[in-house]
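2 protein chains.
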Amino acid sequence: MYNIIYVDSGVCASEGFFSDGISAGLKPNGVNDMAFIYSDMACEIASIFTTNKMTAAPIRHFRAKGDFKTNFVLINSKNANAMTGKNGIEDIDEILTKCDEKVINPVMSSTGVIGVRLPKQKIIDGMKLFDLTQKNPHAAAKAIMTTDTFSKEIAFKVKLEDGTSFNIGAMAKGAGMINPAMATMLCFITTDADVSKAEMQEILEEITKLTFNAASVDGDTSTNDTVMLLSNAKSGVFNRDAFKEALFKVMHFLALEMVRDGEGATKLVTYNITGAKNDSEAERVAKSLSDSLLVKTALFGEDPNWGRVASTVGASGAQCSEDTLKISFDNLCVYDCGKLYFDEEMERKAAIVMGHKKFTISCDLGISDGSFKAYGCDLGHEYVKINADYRT
Amino acid sequence: MYNIIYVDSGVCASEGFFSDGISAGLKPNGVNDMAFIYSDMACEIASIFTTNKMTAAPIRHFRAKGDFKTNFVLINSKNANAMTGKNGIEDIDEILTKCDEKVINPVMSSTGVIGVRLPKQKIIDGMKLFDLTQKNPHAAAKAIMTTDTFSKEIAFKVKLEDGTSFNIGAMAKGAGMINPAMATMLCFITTDADVSKAEMQEILEEITKLTFNAASVDGDTSTNDTVMLLSNAKSGVFNRDAFKEALFKVMHFLALEMVRDGEGATKLVTYNITGAKNDSEAERVAKSLSDSLLVKTALFGEDPNWGRVASTVGASGAQCSEDTLKISFDNLCVYDCGKLYFDEEMERKAAIVMGHKKFTISCDLGISDGSFKAYGCDLGHEYVKINADYRT
Chain U
0 MYNIIYVDSG VCASEGFFSD GISAGLKPNG VNDMAFIYSD MACEIASIFT
50 TNKMTAAPIR HFRAKGDFKT NFVLINSKNA NAMTGKNGIE DIDEILTKCD
100 EKVINPVMSS TGVIGVRLPK QKIIDGMKLF DLTQKNPHAA AKAIMTTDTF
150 SKEIAFKVKL EDGTSFNIGA MAKGAGMINP AMATMLCFIT TDADVSKAEM
200 QEILEEITKL TFNAASVDGD TSTNDTVMLL SNAKSGVFNR DAFKEALFKV
250 MHFLALEMVR DGEGATKLVT YNITGAKNDS EAERVAKSLS DSLLVKTALF
300 GEDPNWGRVA STVGASGAQC SEDTLKISFD NLCVYDCGKL YFDEEMERKA
350 AIVMGHKKFT ISCDLGISDG SFKAYGCDLG HEYVKINADY RT
Chain E
0 MYNIIYVDSG VCASEGFFSD GISAGLKPNG VNDMAFIYSD MACEIASIFT
50 TNKMTAAPIR HFRAKGDFKT NFVLINSKNA NAMTGKNGIE DIDEILTKCD
100 EKVINPVMSS TGVIGVRLPK QKIIDGMKLF DLTQKNPHAA AKAIMTTDTF
150 SKEIAFKVKL EDGTSFNIGA MAKGAGMINP AMATMLCFIT TDADVSKAEM
200 QEILEEITKL TFNAASVDGD TSTNDTVMLL SNAKSGVFNR DAFKEALFKV
250 MHFLALEMVR DGEGATKLVT YNITGAKNDS EAERVAKSLS DSLLVKTALF
300 GEDPNWGRVA STVGASGAQC SEDTLKISFD NLCVYDCGKL YFDEEMERKA
350 AIVMGHKKFT ISCDLGISDG SFKAYGCDLG HEYVKINADY RT
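For the protein sequence lines, the chains are U and E, in the order given. Reminder that position 81 of the first sequence reads as 80 in numbering that gives the first Met the number 0, one-by-one numbering, no gaps. Reminder that position 127 of the second sequence reads as 126 in numbering that gives the first Met the number 0, one-by-one numbering, no gaps.
No wet-lab data here; the hints were simulated from the structure. No experiment lies behind these values; they were computed from the predicted model shown.
Each pair may be met inside one copy or between any two copies, as identical chains are not told apart.
Calculated cross-link-like contacts (lysine-lysine; reagent style DSS-like; alpha-carbon spacing at most 27 Å):
#, residue 1, residue 2
1, LYS233, LYS156
2, LYS121, LYS338
3, LYS372, LYS248
4, LYS97, LYS119
5, LYS384, LYS357
Same shape as in the complex, but just chain U:
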């Protein structure tokens, strides 16, 4: 048995971690645009990067280092350092030579516009403002935002039965999920749990599949997507079940925060697929629904158009049939194997569910026991507005 308790200190929740955000003039008006995470002990790193083949320079730079420990992550917003070729790598090398002398094997992470060289001197000057003794996680979380309308942080203290404890904290950015123009999704997780690199990587991959990879705003995959988990093992404590549960809570919360902040989104919808041939077919259906433009616009219009849901299930390629399918909006069944008559009373009730900010669309395919949950949002005028003119 263990307790997982919410704490307010984001990426600084774990022992020995420091963080802050400052303004280096990359964004206008003195808004925070650079952040660091520093640990007073070297950390093992688990990481998951984008599958986009046009991998941004920071990720190529990280990968080229091979197996290593670090105690310092430098993050900038406003510029993704993507599609910048060898220059992009050289810029990182030069910037990282200017780190504080306490720093070992520093890494860099960037988000923002694609195809423009980093403003190197501004970043180097900005680093001089860093104070590695600061614990200002909220300032850091603000500094990594792009079109995010709010910052995204969470942290937990995990207390084990024997009185020992460890911590997990995180910050993330991402509002178009996943938006290549912004090189969107970044998540940095820190822990003082005494977990091995291999175990940490295994757990991170498992949970990413159920959280960040199950969340969609626009179905895109950026050049810069990064999830990084740093452990300095400072607590000397580890319990796999507790660690896994706490990490799931952290990542699930942040993934849903990103969808909630989806560009112009007004609704957060869970797609709960059951009865599929297997889990992977359920995942296919869930993601088809969360990515469908027609479903997303119906959500925005609060139109209880179950026909679009049924048709999208059919178009997903998963095994299904109108004779075994059931569709519910929250607890209201709107299609039941063709046996239900969708009358005006039902339409009225369904429209009430669709009026909520948060609800679940469930599809039971009635084939076997495969299941998956995905998370999506609606698509409205604000999305078009934000994305039709992102750069200017």
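Here the structure of chain U is known, so what remains is to put chain E in place on it, guided by the hints.
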């Protein structure tokens, strides 16, 4: 050698074909909502139907008939007869028993809202207004529209060197391509060419891949998608090359008309992919671009954001690298293997191209010689408006 000459008579261009559209009261205000195509000789049929597993009743009804010839197609708009189970099939059976006595093996095709039974009596009453001696192709093309803002027709006379000739004509509907709420894409092609069923099917499949299947408004696949090619062989003439070229012209024109009429679309963009590992990887890249929300909203905003194009190419999964990629907007190269500096002058020129109603985005992946062309449109506020409230 042969000549392909435009004629104005749509699905009635071919000898022995008759067609008309009438109002049966399915749509309000006396707007045309039912059409027929009749041939005075029985026709061989080539057909391609949706891959959606929630196949609409008319398609299941057609397939259940096995191998047959027909001389009559009944088409209604406003109701898709989809997700209607056995009732949907029985309704079609009952309706088709009321056909004129000259009709053999009639088939039915429907488009409109999903999940509502056909208004059977209205359709049966509407059929009484049909006059099988009429040649009113434009009225028929109007009757099959849903959210289309204009009707879509084309026909050609094909003259061979020896003085003989045959005809191909067609009508289509589709504005969200492919929009399940409207069960969107229908295309009916008639010809008097003396082509065998097998050859006609083979050519139809080949050309569908390069036309309708290369065109995308919203990347969806409906419950009712149908392409049907009817040949009564009345001309006694056939030339494979000429037939293929004319059929390509017909289907290419109609596919582009659908994209041009894409819900709320203001731009028609050709994605010309070359230099891919193979044709299928080129197709993957082309379709990723035409389906990308971020590319589509940038088009709407006339924002020459080549970074979104590069990132979408990278996200497609096709083999590619920023060191070999070239991107052009019409003839203006905006990215050349990282060697180009995208300055303000270039941005100004690129913005001019993006201001056009029609342009080409070319990506040369620089890997090998695979190529594909896809067709797409932008996504703007009108799309959201139309789709947020389709049914009400």
